[in-house]
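Here is how the chains run, residue by residue.
Protein chains: 2
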Amino acid sequence: MRSLKVIKVGGEIVEHEKYINEFLYDFSTITDLKLLVHGGGRLASKIADKLGVENKIVDGRRITDKETLQIVTMVYGGLVNKQIVAILQSLGVNAMGLTGADLNLLLSIKRPVKTIDYGYVGDIKYVNHDLLKMILEKGITPILAPLTHDGNGTILNTNADTIASEIAKALSIYFDVSLIYCFGKNGVLMDENDDNSAIEVLNKSMYEEYKKTGIIKGGMIPKLDNAFNALDSGVTQVVITSAKNITDLSSGKCTVVTH
Amino acid sequence: MRSLKVIKVGGEIVEHEKYINEFLYDFSTITDLKLLVHGGGRLASKIADKLGVENKIVDGRRITDKETLQIVTMVYGGLVNKQIVAILQSLGVNAMGLTGADLNLLLSIKRPVKTIDYGYVGDIKYVNHDLLKMILEKGITPILAPLTHDGNGTILNTNADTIASEIAKALSIYFDVSLIYCFGKNGVLMDENDDNSAIEVLNKSMYEEYKKTGIIKGGMIPKLDNAFNALDSGVTQVVITSAKNITDLSSGKCTVVTH
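Going down the list, the sequences are from chains Y and U.
Residue numbering for the first sequence follows our numbering, starting at 1 and increasing by one per position.
Residue numbering for the second sequence follows our numbering, starting at 1 and increasing by one per position.
Since the hints were made in silico from the structure, they are not lab data.
Fair warning: there could be bad hints in the mix.
Same chains, same names: a pair is fine if it fits in one copy or spans any two.
[As the list claims (entries may be wrong)] Taking lysine-lysine and the DSBU-like style, the derived pairs with C-alpha atoms no more than 30 Å apart in a straight line are: (1) 50 / 204; (2) 125 / 211; (3) 244 / 66; (4) 125 / 138; (5) 18 / 66; (6) 110 / 18.
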């Protein structure tokens with residue numbers, strides 16, 4: 001099986017020209033097949049502010065009303081995605097920017113309202129893995145914005161971490177997939193104030209223990225739930241690291257999540 | 001040779017939900033191979049207004065400074081393009097939204113400053129016709145936003161009419177290409193106040209005559225210059241019509257431009 005790296009990079013890198021350029025340069029040097037999923041939430045929030053549209057965030061998740069959906073469609077699918085594609089093309093990577101609506105790559109269902117109405121948020125129900133495989137095998141590097149569609153003409157907002165893990169799982173039938181979550185820290189930290197305290201290897205029982213003791217909390221929990229779920233579904237390896245480390249995943253610079 | 005329709009639809013259709021839905025329904029019923037190029041200038045102007053960015057238009061052409069480039073990248077590449085793709089997917093068309101940066105489809109050069117500095121505007125120097133051919137032959141319908149790139153990491157703003165004619169010309173080595181420009185009127189009108197006065201057939205000598213007498217003027221001139229240039233470069237037929245008529249190009253409902 002050929003190796004494939006599915007890499008997710010978040011909004012805090014995307015919004016700084018210097019950081020994104022450095023990250024994309026490193027990304028361009030990866031010789032395995034590769035696929036990038038990007039965020040852009042912070043930039044969307046800034047543009048919503050300028051447009052006078054209120055940002056509603058509950059438990060770290062955006063409430064996507066109709067106006068917000070237009071903003072994230074613009075910012076994720078247009079501004080962020082196309083700037084990444086243009087930079088990668090200049091670095092010799094044959095990048096193609098996509099949303100889940102393009103080629104019906106990611107079909108989702110609008111999240112049912114329980115206690116919270118998240119609005120135009122989509123939960124993925126199908127990944128068009130055949131087409132993604134074909135694109136990758138043609139030497140094309142897909143750049144995925146965190147948008148899906150419902151098949152009835154509506155774009156939906158979907159968390160980028162979830163898109164990365166769903167794609168990684170779906171492609172694990174064809175490839176030896178490493179799923180790499182990039183964010184601002186070196187990994188899952190034992191001490192949130194010490195970036196040199198990254199846990200080298202994290203298994204399920206350690207995860208449960210660290211959740212109980214409060215070492216692991218907040219936004220890291222859905223990320224790690226996604227990670228363990230991906231491992232259970234055929235993904236070879238999940239790595240959590242800084243966007244600075246993607247070409248140097250040596251000891252102390254990342255957390256490897258395992259069974 | 002298989003038939004291919006390259007259709008350009010402008011901003012005045014794109015910004016109205018009802019019009020764009022009707023147009024895309026008609027578009028979805030075309031059984032030939034097809035490719036859509038869309039505008040979005042009016043919507044970009046509205047969003048620029050809301051963001052407090054001045055719209056600078058000279059002779060019908062937008063001056064694209066750095067802030068305006070970000071806005072058109074968002075609006076053309078994100079908002080307009082992805083809404084069209086999602087609607088077409090719901091109509092059973094396997095649409096894929098693209099800019100000229102994606103797959104290096106449209107390489108351009110920043111327009112040199114002569115009397116006017118147009119800013120981040122690109123003049124096309126290369127169309128990646130091999131990849132477009134491959135995409136079309138896989139049954140995929142490309143939806144092109146009016147954006148190109150310079151190969152050095154910068155997106156550029158390029159007129160949608162020009163993109164449509166450059167693509168039509170480049171693909172005429174593989175296909176029997178009809179280039180269809182849609183706008184708000186039935187065709188090139190003898191009397192601008194009478195939508196039933198569309199000139200049925202317009203050849204080069206009639207064009208020169210009508211320009212002298214002032215019947216043809218303004219924004220129609222670059223559109224027709226593009227049309228004649230396309231015919232000279234291998235395109236079979238150029239049609240100018242209303243977005244309402246694309247599936248009924250009968251007498252009085254369009255202008256056919258010929259040699």
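> Quick check: which numbered hints come out false for this structure?
Replying inline: 1
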